[in-house]
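Colleague: Here are the chains, one letter per residue:
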Amino acid sequence: DAKTTQPTSMDCAEGRAANLPCNHSTISGNEYVYWYRQIHSQGPQYIIHGLKNNETNEMASLIITEDRKSSTLILPHATLRDTAVYYCIVSPALGSARQLTFGSGTQLTVLP
Amino acid sequence: DTGVSQDPRHKITKRGQNVTFRCDPISEHNRLYWYRQTLGQGPEFLTYFQNEAQLEKSRLLSDRFSAERPKGSFSTLEIQRTEQGDSAMYLCASSSTGDEKLFFGSGTQLSVL
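As given, the protein sequences belong to chains A and B, one line each in that order. So the mapping is simple: the numbering used here equals the position in the first sequence, first residue as 1, plus 14. So the mapping is simple: the numbering used here equals the position in the second sequence, first residue as 1, plus 9.
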């Protein structure tokens with residue numbers, strides 16, 4: 015039973031913002047939203063996570079709706095190196111969850 | 010911070026053979042995880058260590074699989090009597106208590122012929 019729903023694939027023009035949506039309508043109050051990405055032939059890479067508030071770091075911004083049922087990962091100026099599979103995961107904090115459950119993710123292709 | 014290191018990067022074996030993979034986590038990380046990933050799918054959790062204690066195992070980890078982290082530093086994952094269905098990328102990750110980030114290695118790609 016999937017906890018998140020993501021589009022299978024998306025394209026984005028180089029230099030433009032990439033907005034990756036994620037639905038998590040059954041999220042619980044103690045669950046965080048995590049985003050990871052996986053570039054071909056590499057292990058997943060942590061991007062960002064949040065509980066309720068919007069978050070920003072050097073890689074991306076995470077916008078979580080007020081009801082927490084969906085979120086959007088924003089890569090402000092996509093480059094070709096951002097082409098990857100992006101995973102949205104909802105989970106309690108790692109200390110209690112002890113694992114993250116990955117779905118199939120969104121294949122983002124950044125086009126020149 | 011030299012990152013999570015996995016060895017070997019690639020392993021080809023014949024069905025029925027035993028294989029062992031090694032993971033060296035980031036040195037100060039006390040938590041270590043093994044995941045398995047097949048083509049087109051996201052990583053699937055196998056097992057979790059906190060220091061040397063194996064605290065959680067997935068149902069995916071059959072009797073043929075065993076993982077150890079003897080001194081709370083590096084870890085090994087052994088698969089006995091390999092089957093073609095074991096062909097996958099085996100990923101190791103580490104983290105430290107209180108940190109919500111998992112740091113993954115580049116994985117070991119296993120092919121069972």
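Where hints are given, some of them may not hold.
The calculated lysine-lysine pairs, modelled on DSS-like cross-linking and capped at a C-alpha distance of 30 Å, are [to be verified]: (1) B:K23 to A:K17; (2) B:K66 to A:K17; (3) A:K83 to A:K66; (4) B:K110 to B:K66; (5) B:K20 to B:K110; (6) B:K110 to A:K66; (7) B:K23 to B:K110; (8) A:K83 to B:K110; (9) B:K66 to B:K23.
Incomplete in silico selection of chain B near chain A, CB under 7 Å [said to hold, decoys possible]: (10) P52; (11) Y57; (12) N60.
Using C-beta positions, here's what the derived DEER-type ranges look like [what the hints assert, rightly or not]: (13) A:A27 to B:K80: 34 to 42 Å; (14) A:K66 to B:S36: 43 to 51 Å; (15) B:E61 to A:K66: 31 to 39 Å; (16) B:Q89 to A:T40: 36 to 44 Å; (17) B:F83 to A:G29: 41 to 49 Å; (18) A:R30 to B:E65: 25 to 33 Å; (19) B:G49 to A:A107: 24 to 32 Å; (20) A:E72 to B:E65: 46 to 54 Å.
If you're looking for bench data, these hints aren't it; they were derived computationally from the structure. We put the beta carbon where it would ideally sit given N, CA and C, even for glycine.
Colleague: For each hint, tell me whether it holds in the structure or not.
Modeller: So, going through the hints one by one against the coordinates:
Distance hint between K23 (chain B) and K17 (chain A) is unfulfilled; the C-alpha atoms sit about 37 Å from each other, more than 30 Å. With a C-alpha separation of about 21 Å, the suggested pairing of K66 (chain B) with K17 (chain A) holds against the 30 Å cut-off. Between K83 (chain A) and K66 (chain A) the CA atoms are separated by roughly 10 Å; this keeps the pair inside 30 Å, and the hint holds. Between K110 (chain B) and K66 (chain B) the alpha-carbon distance is near 20 Å, which keeps this suggested pair within the 30 Å criterion.
Between K20 (chain B) and K110 (chain B), the direct Cα distance comes to roughly 28 Å. Compliance with the 30 Å bound is thereby established for this hinted pair. With a CA separation close to 17 Å, the supplied pair K110 (chain B) and K66 (chain A) stays within the 30 Å bound. Between K23 (chain B) and K110 (chain B) the alpha-carbon distance is near 36 Å, which puts this suggested pair outside the 30 Å criterion. Restraint check: the Cα-Cα separation between K83 (chain A) and K110 (chain B) comes to about 22 Å, which is no more than 30 Å; the hinted pair holds.
Under the criterion of a C-alpha separation no larger than 30 Å, the hint pairing K66 (chain B) with K23 (chain B) is consistent with the structure, at around 26 Å. A distance limit of 7 Å between C-beta atoms decides the matter here; for P52 (chain B) the minimum to chain A is near 5 Å, and the interface restraint holds. Given hint, Y57 (chain B) at the interface with chain A, holds; its Cβ is 5 Å from that chain's nearest Cβ, closer than 7 Å. For N60 (chain B), the shortest C-beta to C-beta distance to chain A is roughly 13 Å, which exceeds 7 Å, and the interface hint is violated.
As the Cβ distance of A27 (chain A) to K80 (chain B) is approximately 50 Å, the hint placing it in 34 to 42 Å is violated. Taken as a hint, the range 43 to 51 Å is violated for the pair K66 (chain A) and S36 (chain B), whose Cβ atoms sit roughly 34 Å apart. Roughly 36 Å separates the CB atoms of E61 (chain B) and K66 (chain A), a value that falls within the hinted 31 to 39 Å. The given range of 36 to 44 Å is respected by Q89 (chain B) and T40 (chain A), whose C-beta atoms sit roughly 39 Å from each other.
At roughly 42 Å, the beta carbons of F83 (chain B) and G29 (chain A) sit within the given window of 41 to 49 Å. Against the hinted window of 25 to 33 Å, the Cβ-Cβ separation of R30 (chain A) and E65 (chain B) comes to about 41 Å, which falls outside the hint. Separated by about 29 Å at the C-beta atoms, G49 (chain B) and A107 (chain A) satisfy the suggested range of 24 to 32 Å. A hinted range of 46 to 54 Å for the beta carbons of E72 (chain A) and E65 (chain B) is inconsistent with their spacing of about 32 Å.
Taken one by one, the earlier hints fail for this structure at numbers 1, 7, 12, 13, 14, 18, 20, listed in ascending order.
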